[in-house]
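Could you put the whole structure together from the sequences, leaning on the hints where they help?
2 protein chains.
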Amino acid sequence: MKAPKYKLISAYIKEQITNGTWPVGSRLPSQRELARQFEVNRSTIITALDELAADGLIEGKLGMGTVVINNTWTLMRAVPLVNWNEQVKLGAHQASIPTVQAINQAESNENLIQLSKGELSKDLFPLDDMRAVITKVGRNLEPFGYEDPKGNLLLREAISKYLSQKDIKVSTSSIIVVSGALQALHLISIGLLERGSTVFLEDPSYVNSLSTFQSAGMKLQGISMDKEGILPEKIEVAHQNKNSVLYCHPTFHNPTGALMGWKRRQELLKLAEHKQIPIIEDDVYSDLWLDSPPPLPIKSHDRNGNVLYLGSLSKSLNPGLRIGWIVGPEAVMDRLADLKMQTDYGTSSISQRAAAEWLSSGLYEQHLLTVRKHLKARRNAALQALDTHLSRYAEWEQPAGGFFIWVKFNPEVALSDLYRKALAHGVLINPGKIYSNQKNQYFRLSFANGRIDDIVKGIAVLESLIKDC
Amino acid sequence: MKAPKYKLISAYIKEQITNGTWPVGSRLPSQRELARQFEVNRSTIITALDELAADGLIEGKLGMGTVVINNTWTLMRAVPLVNWNEQVKLGAHQASIPTVQAINQAESNENLIQLSKGELSKDLFPLDDMRAVITKVGRNLEPFGYEDPKGNLLLREAISKYLSQKDIKVSTSSIIVVSGALQALHLISIGLLERGSTVFLEDPSYVNSLSTFQSAGMKLQGISMDKEGILPEKIEVAHQNKNSVLYCHPTFHNPTGALMGWKRRQELLKLAEHKQIPIIEDDVYSDLWLDSPPPLPIKSHDRNGNVLYLGSLSKSLNPGLRIGWIVGPEAVMDRLADLKMQTDYGTSSISQRAAAEWLSSGLYEQHLLTVRKHLKARRNAALQALDTHLSRYAEWEQPAGGFFIWVKFNPEVALSDLYRKALAHGVLINPGKIYSNQKNQYFRLSFANGRIDDIVKGIAVLESLIKDC
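Each protein sequence line maps, in turn, to chains A and B. Just so we're aligned, residue 1 is where the first sequence starts under full-length UniProt numbering, counting upward by one. Just so we're aligned, residue 1 is where the second sequence starts under full-length UniProt numbering, counting upward by one.
Note that these hints are calculated values from the structure, not bench results. Hints may contain errors.
No copy is singled out in the list; a pair is fine if it fits within one copy or between any two copies.
[What the hints assert, rightly or not] Under the rule of at most 27 Å between Cα atoms (straight-line distance), these lysine-lysine pairs were calculated in the BS3-like manner:
#1 Lys7 to Lys263
#2 Lys136 to Lys122
#3 Lys219 to Lys439
#4 Lys275 to Lys166
#5 Lys234 to Lys457
#6 Lys5 to Lys219
#7 Lys467 to Lys457
#8 Lys270 to Lys136
#9 Lys421 to Lys467
#10 Lys61 to Lys457
#11 Lys270 to Lys5
#12 Lys61 to Lys7
#13 Lys467 to Lys439
#14 Lys275 to Lys5
#15 Lys169 to Lys7
#16 Lys5 to Lys227
#17 Lys5 to Lys61
Since we're looking at a predicted model, the values are computed, not measured.
Here it is in structure tokens:
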């Protein structure tokens with residue numbers, strides 16, 4: 001017995017939908033087009049579509065034709081990231097996730113001038129040393145398997161020694177290895193924070209472009225900054241109950257580049273102790289100082305276990321290793337290590353050995369000398385290009401380290417959509433609104449990723465776009 | 001001005017608490033002991049403790065002395081894993097998480113006879129080849145950074161080719177690389193399943209010893225098995241609405257070792273299609289067949305994108321690489337890749353390159369030949385030892401692959417707590433109750449990890465313990 005033709009057609013269309021060729025939200029070809037394609041009458045197509053509509057997979061929409069509204073996975077009410085995206089609207093800050101996704105994609109487009117990417121340029125990849133480290137790890141390999149829940153002991157010893165230079169004196173049992181600082185935030189958000197609790201953070205903040213905390217049910221509450229970062233007195237005003245935590249990024253803040261002085265750090269710690277607000281101190285850029293070393297981390301003066309401290313090799317060495325760490329009270333680290341095991345059973349053994357070799361061999365410190373020199377040249381070139389091309393339209397601070405310059409256009413510049421226009425002209429920038437819905441007149445310029453001449457060219461393109469307005 | 005002595009003492013104790021030296025739940029030394037230690041009167045100690053009690057950190061408990069009830073982190077109501085542990089009570093199955101944690105710790109104790117660990121013995125670590133692979137990866141390295149959200153393309157191509165041998169024909173865009181199958185479950189649970197939805201799974205199941213799904217708000221519902229695994233008709237009875245998913249492990253099931261025949265696989269797929277129940281097919285053991293190759297995966301006959309398929313190198317090659325994969329409809333993979341980026345920004349570049357080299361060089365296939373041979377010898381030795389020592393007390397099936405024998409004691413064996421007694425005698429086994437609260441008379445015996453003579457010795461110890469009862 002042969003299946004009727006409309007059955008074959010509906011099965012075919014269903015396959016395209018579930019395979020994702022025609023994802024939810026997409027338009028099917030017109031009935032006429034389908035009839036032509038399958039060499040059948042339009043009535044056969046209509047019968048096939050009726051069946052799919054009855055299954056809840058498609059829907060006729062006025063003026064849009066037939067639209068895919070479900071697939072097998074969404075039909076089970078998984079409706080996965082539709083909800084997921086909706087969860088990203090939180091507190092005062094509404095993260096523009098589609099823009100972030102578009103930027104993530106555009107960042108891998110090598111034809112674009114990258115003024116966006118928060119990643120060291122491939123020119124600064126330490127190829128010889130990385131090859132040497134990995135081959136050494138290979139040669140000296142002994143059998144390995146699942147690592148200790150807190151991470152490879154040699155790596156934790158190397159991290160402990162490295163942190164002592166920052167005056168953070170901790171034993172290996174107060175350190176856990178994670179796959180980058182983002183995973184640290186993920187683990188903290190699902191493991192230590194209660195749904196409905198409040199996360200105070202800088203306004204603007206890089207974290208607003210993520211959905212980590214929000215997806216775990218936390219509210220984000222932005223706190224105003226000045227040139228030294230987040231303002232403790234504003235936290236005090238905003239703080240209403242015990243159910244809150246402070247995420248902050250005191251050194252070469254993303255996106256503003258702000259550097260918090262030592263006095264402010266002490267004030268923050270004092271406030272946190274007084275109000276019993278735990279601090280998550282994100283310190284992934286501090287090795288990338290360009291003028292002089294930054295003040296010591298807040299963690300270095302934490303005597304009460306109030307601070308969870310996050311570090312990483314992703315910014316200063318390479319993100320492909322996926323090596324970061326959390327430092328904090330031993331009991332909290334025990335919790336997070338258990339959680340880490342529950343989410344991915346630990347970080348790659350090979351990466352952990354490579355990171356231990358980088359840190360303990362002295363190669364990392366040598367690498368930093370090179371990176372700082374080149375990064376400084378890049379920053380200075382970017383600042384000079386900004387002076388040349390944008391000083392009439394915008395203002396900015398010189399960052400003392402990190403990757404970013406936070407550029408604010410004057411209110412009289414009518415610049416509705418610089419991001420899209422720049423992209424159309426081959427230049428990728430990060431619009432301020434992804435870090436704060438109050439920062440439409442800003443953009444974040446990364447001097448870390450593009451080639452110097454491209455950075456200068458990109459800034460010139462921005463000037464021409466503004467002139468055209 | 002000097003702080004009064006009791007202040008110094010309360011500060012000291014607070015530090016011990018927040019540092020985790022005295023974790024929540026632990027008992028402080030007695031007042032007399034503290035007085036002696038600090039060389040003060042007992043009244044000074046009482047004043048210090050009163051202050052800490054007022055802060056909510058400690059509490060006097062009748063008959064227990066003074067107990068730590070909070071630290072700074074828990075005071076913000078994070079009370080992290082206390083709640084976390086409570087969430088692990090789900091549906092009919094209550095996972096005994098403290099036991100699992102104890103087992104996880106005991107598994108790294110090299111003085112124990114390991115009849116527990118689901119990890120290939122270090123004797124089967126392919127040291128020469130692994131060294132060769134890693135040094136080759138090192139030598140051929142080119143600059144790398146964040147990988148594609150779905151994972152390194154060369155690795156996905158190698159996985160695609162490898163899967164075609166299992167009759168799973170998929171393009172690289174339908175594959176995402178993850179850090180092991182556990183991370184796959186974590187991503188699926190937080191990204192594709194709605195809170196409150198039901199996960200059907202085998203009873204018993206390895207998943208009951210995890211808290212992945214439950215932590216994401218899903219209910220687990222165990223379905224009876226026979227020798228071929230989960231029973232489709234029981235799923236049909238249990239299935240009440242569309243909001244459910246089936247997790248299953250058809251090939252060398254953990255913990256029972258059951259192998260599902262081809263007919264049962266077809267029935268399951270048909271049921272899932274008919275009822276629109278998505279299937280998560282966990283297939284991490286199928287390369288470890290010992291007698292003859294198992295039937296093709298359910299995924300190989302999935303024409304409607306109903307099945308998400310999970311694979312991994314952790315069981316068959318090495319878990320330290322942290323390399324696994326998910327295969328499914330492209331649209332779902334897009335969602336999961338985005339989620340993966342949001343949780344850890346991808347898997348280690350070095351591990352991905354190493355895995356690609358293993359798969360594409362043919363070394364993996366060679367390695368499997370060796371592993372199968374040795375694993376078979378281990379299984380046979382374990383079966384023989386069981387025959388010799390436990391045939392009067394228990395029964396079991398011969399597993400056709402994988403790591404485990406599922407041993408059921410006769411009801412007349414009064415064996416209240418074999419796990420603890422065995423541990424006291426230096427033998428680690430996994431009690432059945434961590435996989436199902438109805439399987440108290442079972443234990444899972446792993447023949448993969450210990451040395452053969454130790455496995456035999458361990459089984460003999462079990463016999464002597466039973467005789468003593």
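So, going through the hints one by one against the coordinates:
no.	hint	in the structure
1	Lys7 to Lys263	between (73 Å within a copy, 25 Å between copies)
2	Lys136 to Lys122	both (22 Å within a copy, 21 Å between copies)
3	Lys219 to Lys439	within (19 Å within a copy, 42 Å between copies)
4	Lys275 to Lys166	within (26 Å within a copy, 59 Å between copies)
5	Lys234 to Lys457	neither (40 Å within a copy, 66 Å between copies)
6	Lys5 to Lys219	neither (53 Å within a copy, 41 Å between copies)
7	Lys467 to Lys457	within (15 Å within a copy, 83 Å between copies)
8	Lys270 to Lys136	neither (45 Å within a copy, 52 Å between copies)
9	Lys421 to Lys467	within (12 Å within a copy, 81 Å between copies)
10	Lys61 to Lys457	neither (45 Å within a copy, 71 Å between copies)
11	Lys270 to Lys5	between (75 Å within a copy, 22 Å between copies)
12	Lys61 to Lys7	within (23 Å within a copy, 72 Å between copies)
13	Lys467 to Lys439	within (21 Å within a copy, 75 Å between copies)
14	Lys275 to Lys5	between (71 Å within a copy, 24 Å between copies)
15	Lys169 to Lys7	between (70 Å within a copy, 24 Å between copies)
16	Lys5 to Lys227	neither (69 Å within a copy, 41 Å between copies)
17	Lys5 to Lys61	within (25 Å within a copy, 77 Å between copies)
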